[in-house]
Amino acid sequence: MNASSKSPGGGMPDFSDVESGASSTAKEAAPAYKLYTIKSGDSLSKIAKHEYGNANDWRRIFEANQDIIKNPDKIFPGQEIKIPQ
Amino acid sequence: MKASTPVSVAVIVAALAFSMAACQKKEDTTAMPTPPPAAAPAAVDVINVPVSVKQLTLSNSIDETTKKAATAMNSFVANDTIYAVVDTIGSGRAAIKTLWTYHRNGQTAQVNETVQEIDATGPASTAFHISKPGGWPVGDYQVEVFVNDAPATVQKFTVN
Chain X
56 MNASSKSPGG GMPDFSDVES GASSTAKEAA PAYKLYTIKS GDSLSKIAKH
106 EYGNANDWRR IFEANQDIIK NPDKIFPGQE IKIPQ
Chain B
10 MKASTPVSVA VIVAALAFSM AACQKKEDTT AMPTPPPAAA PAAVDVINVP
60 VSVKQLTLSN SIDETTKKAA TAMNSFVAND TIYAVVDTIG SGRAAIKTLW
110 TYHRNGQTAQ VNETVQEIDA TGPASTAFHI SKPGGWPVGD YQVEVFVNDA
160 PATVQKFTVN
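If you read the sequences in order, they're chains X and B. Just remember that my numbering sits 55 ahead of the position in the first sequence, which is counted from 1. Just remember that my numbering sits 9 ahead of the position in the second sequence, which is counted from 1.
Quick caveat, the hints were computed from the structure, so don't treat them as lab data. Virtual Cβ for every residue (Gly too), placed ideally from N, Cα, C. Careful: at least some of the hints might be erroneous.
Distance condition first, Cα-Cα at most 30 Å in a straight line; then the derived DSS-like pairs of lysine-lysine [stated by the list, open to error]:
#: 1; chain 1: X; residue 1: 94; chain 2: B; residue 2: 165
#: 2; chain 1: X; residue 1: 125; chain 2: X; residue 2: 104
#: 3; chain 1: X; residue 1: 82; chain 2: B; residue 2: 63
#: 4; chain 1: B; residue 1: 77; chain 2: X; residue 2: 125
#: 5; chain 1: X; residue 1: 94; chain 2: B; residue 2: 63
Per the computed footprint, the stretches of chain B lying under chain X, defined by three or more beta-carbons under 8 Å from a beta-carbon of chain X, are [unchecked claim]:
#: 6; segment: 114 to 125
#: 7; segment: 152 to 165
Chain B is faced by these chain X residues, among others (derived, beta-carbon under 8 Å) [to be verified]:
#: 8; residue: 67
#: 9; residue: 68
#: 10; residue: 70
#: 11; residue: 74
#: 12; residue: 76
#: 13; residue: 80
#: 14; residue: 81
#: 15; residue: 85
#: 16; residue: 87
#: 17; residue: 89
#: 18; residue: 90
#: 19; residue: 93
#: 20; residue: 95
#: 21; residue: 97
#: 22; residue: 113
#: 23; residue: 115
Using the sequences plus the hints, can you model the full thing?
See below:
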């Protein structure tokens, strides 16, 4: 799974394959999610392919972010979205 | 009439004495019930306060049921899954976030940022984990915990 687009370059390690998750003894008000910042060239299907291994899961990401993404074909670099785990 | 007066007085006195004894006995058996013991002092109320972090523990394994770390650690190896167990007190909805970063030569790389929203009714443990299929780069790391986007605690660790 991708971690974030915030990692600087300059020879720093690549953490884009980091996998994560969370669970609680308390009632979980919503599934855990990872925060991801949109990069230039990203699309929801590309992110879904990277995160879930299936580009068709883009709708899962779209539905988790309908407060900030109104059109799944229009996402912008710098937008921080939720990636459901 | 005169001869019977002492007898009557004696009978009356005896009757009164018996009656008083009976009343006294009745009073004894109908004594007021013992009041219940005073209520124990209320425990410190950690329920009706907003969620806050009590403790952060890092480990490479946890009990999946209790979410408790097997052993507190601050040094890991490349193939470890790294857990951050966030113990909280308080109640209500809260978004608990872990921000994992890597540090080298004054530079910082973001490793991961994960959020778990909880609806707590008291003390709780929320376990976050990260893993890297290719193995963790050796170096210095840090995990910072936020509650509703407010910094709560931070802990450094290393991968050797």
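Here is how each hint holds up against the structure:
1. 94/X to 165/B: holds (28 Å)
2. 125/X to 104/X: holds (21 Å)
3. 82/X to 63/B: Given pair residue 82/X, residue 63/B holds - Cα atoms ~18 Å apart, limit 30 Å.
4. 77/B to 125/X: Answer violated: residue 77/B to residue 125/X is near 40 Å, above 30 Å.
5. 94/X to 63/B: violated (36 Å)
6. 114 to 125: The restraint on the segment 114 to 125 of chain B holds, since 10 of its residues have a Cβ under 8 Å from chain X and three suffice.
7. 152 to 165: violated (count 0)
8. 67: Holds - the Cβ of residue 67/X comes within 8 Å of chain B, reaching about 4 Å at its closest.
9. 68: holds (4 Å)
10. 70: Nearest chain B Cβ about 5 Å off; hint holds.
11. 74: At 5 Å from the nearest chain B Cβ, residue 74/X passes the 8 Å test, so the hint holds.
12. 76: Nearest chain B Cβ about 6 Å off; hint holds.
13. 80: With a closest approach of 5 Å, the residue 80/X hint holds.
14. 81: It holds, given that the least Cβ distance between residue 81/X and chain B is near 4 Å, below 8 Å.
15. 85: holds (4 Å)
16. 87: holds (4 Å)
17. 89: holds (5 Å)
18. 90: holds (4 Å)
19. 93: violated (14 Å)
20. 95: Violated - the Cβ of residue 95/X stays beyond 8 Å from chain B, reaching only about 17 Å at its closest.
21. 97: Violated. Min distance 16 Å.
22. 113: Residue 113/X check fails; min Cβ-Cβ to chain B is 20 Å, beyond 8 Å.
23. 115: violated (16 Å)
Consistency with the previously given hints fails for numbers 4, 5, 7, 19, 20, 21, 22, 23, ordered from lowest to highest.
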